[in-house]
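Residue numbers (my numbering), protein chains in the order written: chain A, 1 to 230; chain B, 1 to 197.
In case anyone wonders, no lab produced these hints; they're calculated from the structure.
Errors might be hidden in some of the hints.
If you anchor each label on the Cβ, the simulated ranges turn out as follows [what the hints assert, rightly or not]:
hint	chain 1	residue 1	chain 2	residue 2	range
1	B	GLU82	A	LYS181	34 to 40 Å
2	B	ALA164	A	LEU15	51 to 57 Å
3	A	THR37	B	LYS130	24 to 30 Å
4	B	GLU105	A	ASP71	38 to 44 Å
5	A	ASP26	B	ASP101	48 to 54 Å
6	A	PHE75	B	GLY11	15 to 21 Å
7	A	PRO171	B	ASN56	29 to 35 Å
8	A	ALA91	B	PRO138	18 to 24 Å
9	A	SER49	B	ARG136	32 to 38 Å
10	B	ASP135	A	SER49	38 to 44 Å
11	B	LEU23	A	GLU154	57 to 63 Å
12	B	ASN56	A	GLU154	53 to 59 Å
13	B	ARG167	A	VAL102	46 to 52 Å
14	A	GLY184	B	LYS149	34 to 40 Å
Simulated crosslink set (DMTMM-like; lysine to aspartate or glutamate; CA at most 20 Å straight-line) [stated by the list, open to error]:
hint	chain 1	residue 1	chain 2	residue 2
15	B	LYS130	B	GLU37
16	A	LYS103	A	GLU135
17	B	LYS130	A	GLU78
18	B	LYS78	A	GLU200
19	A	LYS174	A	GLU150
20	A	LYS183	A	ASP144
21	A	LYS174	A	ASP144
22	A	LYS92	A	ASP17
23	B	LYS130	A	ASP30
24	B	LYS22	B	GLU185
25	A	LYS87	A	GLU34
26	B	LYS78	A	GLU201
For every residue, glycine included, the Cβ atom is placed at its ideal position computed from N, Cα and C.
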Amino acid sequence: MTDQFDDEEIILSELPDDELVDQMHDDLYDGLAEEITEGTQILLDRGWSAQQVLTEALVGGMAVVGIDFRDGVLFVPEVLMAANAMKAGMAKLKPLLVETGVKPAGKMVIGTVKGDIHDIGKNLVGMMMEGAGFEVIDLGINIDADTYIEAIEEHQADFLGMSALLTTTMPYMKVVIDQMKEKGIRDKYKVLVGGAPLNEEFGQAVGADAYCRDAATAVDAARELLAATG
Amino acid sequence: MKAKVLVIACGAIARELVRISKLNHWDHIKFKCLPPELHNTPDRIPGAVKDMIEQNTGEYQKIFAAYADCGTGGGLDKVLEEYGVERIPGAHCYEFYAGSDSFHELSEDEPGSFYLTDFLVRHFERLVVKGLWIDRFPQLIPGYFGNYKRLVYLAQTDSEQLQAMARQQAALLKLEYCYRLYGDEPLAHILEPALEQ
Numbered sequence: 001m002t003d004q005f006d007d008e009e010i011i012l013s014e015l016p017d018d019e020l021v022d023q024m025h026d027d028l029y030d031g032l033a034e035e036i037t038e039g040t041q042i043l044l045d046r047g048w049s050a051q052q053v054l055t056e057a058l059v060g061g062m063a064v065v066g067i068d069f070r071d072g073v074l075f076v077p078e079v080l081m082a083a084n085a086m087k088a089g090m091a092k093l094k095p096l097l098v099e100t101g102v103k104p105a106g107k108m109v110i111g112t113v114k115g116d117i118h119d120i121g122k123n124l125v126g127m128m129m130e131g132a133g134f135e136v137i138d139l140g141i142n143i144d145a146d147t148y149i150e151a152i153e154e155h156q157a158d159f160l161g162m163s164a165l166l167t168t169t170m171p172y173m174k175v176v177i178d179q180m181k182e183k184g185i186r187d188k189y190k191v192l193v194g195g196a197p198l199n200e201e202f203g204q205a206v207g208a209d210a211y212c213r214d215a216a217t218a219v220d221a222a223r224e225l226l227a228a229t230g
Numbered sequence: 001m002k003a004k005v006l007v008i009a010c011g012a013i014a015r016e017l018v019r020i021s022k023l024n025h026w027d028h029i030k031f032k033c034l035p036p037e038l039h040n041t042p043d044r045i046p047g048a049v050k051d052m053i054e055q056n057t058g059e060y061q062k063i064f065a066a067y068a069d070c071g072t073g074g075g076l077d078k079v080l081e082e083y084g085v086e087r088i089p090g091a092h093c094y095e096f097y098a099g100s101d102s103f104h105e106l107s108e109d110e111p112g113s114f115y116l117t118d119f120l121v122r123h124f125e126r127l128v129v130k131g132l133w134i135d136r137f138p139q140l141i142p143g144y145f146g147n148y149k150r151l152v153y154l155a156q157t158d159s160e161q162l163q164a165m166a167r168q169q170a171a172l173l174k175l176e177y178c179y180r181l182y183g184d185e186p187l188a189h190i191l192e193p194a195l196e197q
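Starting from the given sequences, assemble the full structure and let the hints guide the process.
The following block contains the structure:
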């Protein structure tokens, strides 16, 4: 009986909306990019707005992935597979979101600090921030202070996000913040920092506005900081 | 004769430690190793080292940790400080395999360097390919290694066989191959003063 049930093929297009969204959460969790692309298209064809698909089907699913990663239930390969699936869905939604001209919740410049080339965590943050309605300008890896500062000024960002995976590169975050202070622009921006070797204490020591232990926390921190500044 | 110094070591450097110890006649040292797989979950290293220290407290005149920070973000240092245990300086085991100056030169020359040692070349299939699920999902390779430019094999032994394996591993990850033979010298040099009685 169980085998019969397990082998039963699920036809996404035959599922009602609520079950389809639940199924997409499962498919995201399992990193099934093709199914996510298909599910996204079905919801759009049924008249859902791109924003609604993004929020309910994709971000909702990735939030579960984020929590289980934080709690040690999921590991990096599984999160990467889930992120690839979300990216596949986003590829369909992004042009529509741009077309509809929805004003972003805020703007973030993000990058991995100088000397560091690790970007898995940073990419996840970028994806979750986009999912939450923020505009993200991703500078990439090995970013020096001048590049960060030029970018936040040019894009008039609300947030600067810095990521580091190495204990040898994380002190560079302070170099960037100090340079912002020297230029007298520190208070114009909220600085979020994150990465595996960081902690709350380090975030405070370098003078960041928030330390984000994972991608979901980064979104929450950004929302809270925005709300606090009005 | 009862060993007077306990070295709690990462299993990834066990072979080298035993070799260096024999060469230097460090008969007063006893080695106990923790699984090298902990490197895939560095947050578990401090707890594992702490347990090992507690199990052996009072048994030795001195305990030393043959670990660098190894991705614990200072977590290992907090544990070691609590028990007055020293460790190998530096951020990574690659650093003590190459020697600090040489390693920093390599890193500055190309930040996108992915390092392998004899141990990692030998166990690449288990720790890297299977550990990161590349065997099941080769599409994950760009996500992990897309920003790396070269694979640097920091060799402890001059082995044609290991070099051939490392070359293949670089090709699998689509990275330029780079070979540096350091032998055991840098590690022995770091350990010697730390293991004095």
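We went through each hint and held it up to the structure:
1. GLU82/B x LYS181/A: 34 to 40 Å: Given range 34 to 40 Å: holds, Cβ gap about 35 Å.
2. ALA164/B x LEU15/A: 51 to 57 Å: At roughly 52 Å between Cβ atoms, LEU15/A and ALA164/B fall inside 51 to 57 Å, so the hint holds.
3. THR37/A x LYS130/B: 24 to 30 Å: Given range 24 to 30 Å: holds, Cβ gap about 28 Å.
4. GLU105/B x ASP71/A: 38 to 44 Å: holds (40 Å)
5. ASP26/A x ASP101/B: 48 to 54 Å: Given range 48 to 54 Å: holds, Cβ gap about 52 Å.
6. PHE75/A x GLY11/B: 15 to 21 Å: Holds: the Cβ-Cβ distance is about 20 Å, inside 15 to 21 Å.
7. PRO171/A x ASN56/B: 29 to 35 Å: holds (34 Å)
8. ALA91/A x PRO138/B: 18 to 24 Å: Given about 21 Å between the Cβ atoms, the range holds.
9. SER49/A x ARG136/B: 32 to 38 Å: Holds, at about 36 Å.
10. ASP135/B x SER49/A: 38 to 44 Å: holds (40 Å)
11. LEU23/B x GLU154/A: 57 to 63 Å: Given about 58 Å between the Cβ atoms, the range holds.
12. ASN56/B x GLU154/A: 53 to 59 Å: holds (57 Å)
13. ARG167/B x VAL102/A: 46 to 52 Å: For VAL102/A against ARG167/B, whose Cβ atoms are near 51 Å apart, the range 46 to 52 Å holds.
14. GLY184/A x LYS149/B: 34 to 40 Å: For LYS149/B against GLY184/A, whose Cβ atoms are near 37 Å apart, the range 34 to 40 Å holds.
15. LYS130/B x GLU37/B: holds (12 Å)
16. LYS103/A x GLU135/A: holds (9 Å)
17. LYS130/B x GLU78/A: holds (13 Å)
18. LYS78/B x GLU200/A: Measuring from Cα to Cα gives roughly 15 Å; hence the hint holds.
19. LYS174/A x GLU150/A: holds (17 Å)
20. LYS183/A x ASP144/A: holds (15 Å)
21. LYS174/A x ASP144/A: holds (12 Å)
22. LYS92/A x ASP17/A: holds (18 Å)
23. LYS130/B x ASP30/A: At roughly 18 Å apart (the allowed maximum being 20 Å), ASP30/A and LYS130/B satisfy the hint.
24. LYS22/B x GLU185/B: Since the Cα atoms of LYS22/B and GLU185/B sit roughly 14 Å apart, the hinted pair holds (cutoff 20 Å).
25. LYS87/A x GLU34/A: Holds. LYS87/A to GLU34/A sits at ~11 Å (cutoff 20 Å).
26. LYS78/B x GLU201/A: holds (14 Å)
Violated hints are absent here; each numbered hint is respected by the structure.
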